[in-house]
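Peer 1: Going down the list, the sequences are from chains C and E. Numbering-wise, the working numbering comes out as the position in the first sequence, counting from 1, plus 299. Numbering-wise, the working numbering comes out as the position in the second sequence, counting from 1, plus 402.
If you are wondering where the hints come from, they were derived from the structure by calculation, not from laboratory data. Some hints here could point you the wrong way.
Here chain E is said to cover these stretches of chain C; the calculated rule only asks that three of the stretch's residues, wherever they fall, bring their Cβ under 8 Å from a Cβ of chain E [what the hints assert, rightly or not]:
(1) 457-463
(2) 648-658
List of simulated lysine to any residue pairs, SDA-like, C-alpha gap at most 20 Å [said to hold, decoys possible]:
(3) E:Lys469 - E:Ala492
(4) E:Lys549 - E:Arg573
(5) E:Lys549 - E:Thr525
(6) E:Lys549 - E:Ser484
(7) C:Lys482 - E:Glu427
(8) C:Lys482 - E:Phe431
(9) C:Lys663 - C:Lys480
(10) C:Lys482 - E:Lys562
(11) E:Lys585 - E:Ala533
(12) C:Lys515 - C:Ile377
(13) C:Lys388 - C:Asp315
(14) C:Lys327 - C:Ile377
(15) C:Lys515 - C:Arg596
(16) C:Lys480 - E:Tyr527
(17) C:Lys515 - C:Arg496
(18) C:Lys663 - C:Ser572
(19) C:Lys482 - E:Val489
(20) C:Lys663 - C:Ser589
(21) E:Lys469 - C:Asn537
(22) C:Lys482 - E:Gly430
(23) C:Lys482 - E:Ser432
(24) C:Lys327 - C:Val310
(25) C:Lys327 - C:Arg386
(26) C:Lys482 - E:Asp416
(27) E:Lys562 - E:Ala533
(28) E:Lys469 - E:Ala417
(29) C:Lys515 - C:Asp664
Partial pick of chain E residues on the chain C-facing surface, computed with a CB cut under 7 Å [unchecked claim]:
(30) Leu422
(31) Leu425
(32) Pro507
(33) Leu514
(34) Arg519
(35) Ala522
(36) Arg524
(37) Ala526
(38) Asp529
(39) Ala530
Backbone N, C-alpha and C fix where the C-beta goes; we use that ideal spot for every residue, glycine too.
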Amino acid sequence: MAQSSALDAVVSTMVDGLIVIDRNGHIKLFNPACETIFGYSAEEALGQPVELLMPEPYRSEHSSYLHHYQRTGDAQIIGIGREVEGRRKSGDVFPMHLSVGEFQEGDLEGYVGVIHDLTEEVAQRQRLDDLRESHIHMSRLASMNQLGTVIAHELNQPLTALTNYLSAGTTVVQTQADVPKDKLVQLMERATEQARRAADMLSRMRGFVEQGKTCKGYHDIEQLARDALALVRPSFRNTSINFEIEAEDALPEVYCDGIQIQQVFVNLIRNGSEAMDGIDPARLTIMLDSGQSDAVRVHVADTGKGLVADNIETLFTPFMSEKPDGMGVGLSISNSILQAHGTQLSIRENLPRGTVFSFDLPTKD
Amino acid sequence: MSGLRTIIIIDDDDAVRDSLSILLEAHGFSIQTFVSGDAFLQAGHSHGDCILMDVRMPGRDGLTTLKEFRASGCNIPVIVMSGHADVAMAVTALKSGAIDFVEKPFDAGELLSAIGRALAERTAYLDAQNARLEAERNFARLTPREKEIASLLVSGEPNKGVARALDISVRTVETHRANILSKLDIRSLSDLVRLMMDVAPS
Numbered sequence: 300m301a302q303s304s305a306l307d308a309v310v311s312t313m314v315d316g317l318i319v320i321d322r323n324g325h326i327k328l329f330n331p332a333c334e335t336i337f338g339y340s341a342e343e344a345l346g347q348p349v350e351l352l353m354p355e356p357y358r359s360e361h362s363s364y365l366h367h368y369q370r371t372g373d374a375q376i377i378g379i380g381r382e383v384e385g386r387r388k389s390g391d392v393f394p395m396h397l398s399v400g401e402f403q404e405g406d407l408e409g410y411v412g413v414i415h416d417l418t419e420e421v422a423q424r425q426r427l428d429d430l431r432e433s434h435i436h437m438s439r440l441a442s443m444n445q446l447g448t449v450i451a452h453e454l455n456q457p458l459t460a461l462t463n464y465l466s467a468g469t470t471v472v473q474t475q476a477d478v479p480k481d482k483l484v485q486l487m488e489r490a491t492e493q494a495r496r497a498a499d500m501l502s503r504m505r506g507f508v509e510q511g512k513t514c515k516g517y518h519d520i521e522q523l524a525r526d527a528l529a530l531v532r533p534s535f536r537n538t539s540i541n542f543e544i545e546a547e548d549a550l551p552e553v554y555c556d557g558i559q560i561q562q563v564f565v566n567l568i569r570n571g572s573e574a575m576d577g578i579d580p581a582r583l584t585i586m587l588d589s590g591q592s593d594a595v596r597v598h599v600a601d602t603g604k605g606l607v608a609d610n611i612e613t614l615f616t617p618f619m620s621e622k623p624d625g626m627g628v629g630l631s632i633s634n635s636i637l638q639a640h641g642t643q644l645s646i647r648e649n650l651p652r653g654t655v656f657s658f659d660l661p662t663k664d
Numbered sequence: 403m404s405g406l407r408t409i410i411i412i413d414d415d416d417a418v419r420d421s422l423s424i425l426l427e428a429h430g431f432s433i434q435t436f437v438s439g440d441a442f443l444q445a446g447h448s449h450g451d452c453i454l455m456d457v458r459m460p461g462r463d464g465l466t467t468l469k470e471f472r473a474s475g476c477n478i479p480v481i482v483m484s485g486h487a488d489v490a491m492a493v494t495a496l497k498s499g500a501i502d503f504v505e506k507p508f509d510a511g512e513l514l515s516a517i518g519r520a521l522a523e524r525t526a527y528l529d530a531q532n533a534r535l536e537a538e539r540n541f542a543r544l545t546p547r548e549k550e551i552a553s554l555l556v557s558g559e560p561n562k563g564v565a566r567a568l569d570i571s572v573r574t575v576e577t578h579r580a581n582i583l584s585k586l587d588i589r590s591l592s593d594l595v596r597l598m599m600d601v602a603p604s
């Protein structure tokens with residue numbers, strides 16, 4: 300009996316919930332941890348169907364699971380354990396880990412379940428995800444802040460042209476007697492085209508700074524690269540850098556968060572371009588090819604001064620920057636974005652000079 | 403001024419060049435365009451009355467182009483255009499020799515009045531240059547003796563002093579003086595002083 304009372308002590312002090320149900324699904328044991336987790340006293344729970352502790356759809360389906368298992372031996376959870384939802388007395392539904400074993404000991408038989416309340420873990424995970432997302436967003440805002448003045452200039456180009464075309468139209472109408480219709484139409488069409496050019500630029504910017512939950516979908520990788528290049532390029536207008544995109548024909552779409560991957564491109568293009576300050580010839584090439592099956596391989600190659608071997612280790616460490624005005628978050632953010640896509644950045648030397656950053660993107664969910 | 407006045411447009415944006423050309427042509431100017439400061443400098447000295455130039459361009463930027471352009475001795479007035487005009491930029495542009503500064507996007511009136519000021523300056527400069535050339539031509543027609551007397555007069559010597567210095571009579575000096583004024587088509591000693599300053603500023 301000593302053994303039995305030791306066992307009782309274990310069961311009543313263990314932190315995880317322990318439940319025993321009989322073959323019909325009625326609760327036979329409900330330890331104190333279960334009382335804490337579910338809010339029912341043992342007295343209330345004992346003898347009740349175990350569905351009491353389940354939210355829909357488990358609640359309605361449980362007895363059919365049980366019969367299915369008893370008839371076929373096909374286990375969905377028994378001997379395995381997995382994350383499911385539980386329902387407290389208050390009606391709250393919460394995430395929990397449930398592992399179930401089956402026992403038969405003389406005339407005692409049934410199932411024993413161990414319950415671990417995951418409420419805290421899940422909340423923690425969620426907080427981390429939210430934090431990561433807002434971190435990524437902040438870094439996007441920061442790079443937009445750096446690109447901002449330059450982009451304002453860029454936006455003024457179409458606005459200038461638009462104003463000029465319209466003023467020219469006014470002048471022509473005011474000063475010439477018989478203005479040919481097609482001349483005016485031509486001016487208006489060109490003005491419209493410039494308005495559209497300004498609008499495109501704005502929508503690219505807006506998309507980039509928009510606060511967004513991670514939102515994955517299928518994207519044209521070449522278009523993502525092109526949009527990112529359009530955001531960064533104005534900053535390097537005063538340089539003689541040659542920007543190129545070399546994309547294989549008929550690349551499949553990639554499955555990713557489009558804005559975040561654009562952000563990775565923006566970071567890599569800027570890094571590469573800054574590394575080529577004062578270097579001639581300066582070439583930044585984005586190469587897109589279908590590497591392995593179910594993935595597109597992306598390379599961003601520069602002909603810059605290259606990385607010093609010592610620095611490679613600290614490359615992904617936030618706030619470690621080689622650049623005098625660098626925040627040092629670009630590469631670490633890029634890598635954490637890629638990790639959330641199940642991939643990562645790799646680095647190698649570009650020959651004869653420079654650096655190549657590469658990563659894969661999945662073509663399927 | 404006879405003939406069309408020529409505006410040189412330097413901007414790397416196709417649409418800006420195209421639209422400015424159309425606008426300024428509608429206002430009766432003749433236009434030349436260049437895609438960059440480099441292209442403009444490589445083309446050598448262009449004939450134009452005013453240059454409209456963007457500050458931000460690939461290769462040599464606007465301000466560098468302006469400095470090199472000035473260093474090469476050309477003085478066509480330059481109006482600098484910028485998309486993010488801050489005060490510092492405007493000051494730098496003006497210090498580098500720009501006559502004016504307009505912020506993109508500008509309206510046609512603003513641009514045309516800047517061009518008007520630049521062209522007025524250009525006209526004044528060309529008039530002064532013509533006056534100097536004419537003075538030089540006239541001065542060249544004086545005899546060596548007349549040139550000698552003219553410089554003595556300009557240095558402040560009275561007729562008597564000139565006569566003494568050259569060992570000739572005051573009467574002769576007076577005759578020479580009358581000939582000098584008539585050959586140079588001027589009336590007084592102060593005209594002569596101004597003219598001599600134009601001819602030999604150094």
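Peer 1: Now tell me if each hint is right for this structure.
Peer 2: Results for each hint:
1. 457-463: holds (count 7)
2. 648-658: violated (count 0)
3. E:Lys469 - E:Ala492: holds, 15 Å
4. E:Lys549 - E:Arg573: holds, 17 Å
5. E:Lys549 - E:Thr525: Between E:Lys549 and E:Thr525 the Cα gap is close to 31 Å, so the pair fails against 20 Å, i.e. violated.
6. E:Lys549 - E:Ser484: It is violated: about 52 Å lies between the C-alpha atoms, which goes past 20 Å.
7. C:Lys482 - E:Glu427: holds, 14 Å
8. C:Lys482 - E:Phe431: Distance ~18 Å between C:Lys482 and E:Phe431 Cα, so the pair holds.
9. C:Lys663 - C:Lys480: Roughly 53 Å separates the two Cα atoms, so the pair is violated.
10. C:Lys482 - E:Lys562: violated, 75 Å
11. E:Lys585 - E:Ala533: holds, 15 Å
12. C:Lys515 - C:Ile377: violated, 34 Å
13. C:Lys388 - C:Asp315: holds, 18 Å
14. C:Lys327 - C:Ile377: Roughly 18 Å between the alpha carbons, so the hint for C:Lys327 and C:Ile377 holds.
15. C:Lys515 - C:Arg596: holds, 18 Å
16. C:Lys480 - E:Tyr527: Outside the cut-off at roughly 42 Å; violated.
17. C:Lys515 - C:Arg496: violated, 27 Å
18. C:Lys663 - C:Ser572: violated, 31 Å
19. C:Lys482 - E:Val489: Violated, at roughly 39 Å.
20. C:Lys663 - C:Ser589: holds, 13 Å
21. E:Lys469 - C:Asn537: holds, 17 Å
22. C:Lys482 - E:Gly430: Within the cut-off at roughly 17 Å; holds.
23. C:Lys482 - E:Ser432: Satisfied, since the Cα-Cα distance of roughly 19 Å is no more than 20 Å.
24. C:Lys327 - C:Val310: This hinted pair holds, its Cα atoms lying about 13 Å apart.
25. C:Lys327 - C:Arg386: At roughly 18 Å apart (the allowed maximum being 20 Å), C:Arg386 and C:Lys327 satisfy the hint.
26. C:Lys482 - E:Asp416: Distance ~19 Å between C:Lys482 and E:Asp416 Cα, so the pair holds.
27. E:Lys562 - E:Ala533: violated, 31 Å
28. E:Lys469 - E:Ala417: Violated, because 26 Å separates the two Cα atoms, which is more than 20 Å.
29. C:Lys515 - C:Asp664: Holds. C:Lys515 to C:Asp664 sits at ~9 Å (cutoff 20 Å).
30. Leu422: Since the shortest Cβ distance to chain C is 6 Å, the answer is holds.
31. Leu425: For E:Leu425, the interface hint holds, since the closest Cβ of chain C sits about 4 Å away, which is under 7 Å.
32. Pro507: At about 4 Å, which falls below the 7 Å cut-off, the nearest Cβ of chain C leaves the hint on E:Pro507 intact, so it holds.
33. Leu514: violated, 9 Å
34. Arg519: violated, 19 Å
35. Ala522: violated, 21 Å
36. Arg524: Result: violated, 22 Å to nearest chain C Cβ.
37. Ala526: violated, 27 Å
38. Asp529: Since chain C brings no Cβ nearer than about 29 Å to E:Asp529, farther than 7 Å, the hint is violated.
39. Ala530: Where the cut-off is 7 Å and the nearest Cβ of chain C is about 32 Å from E:Ala530, the hint is violated.
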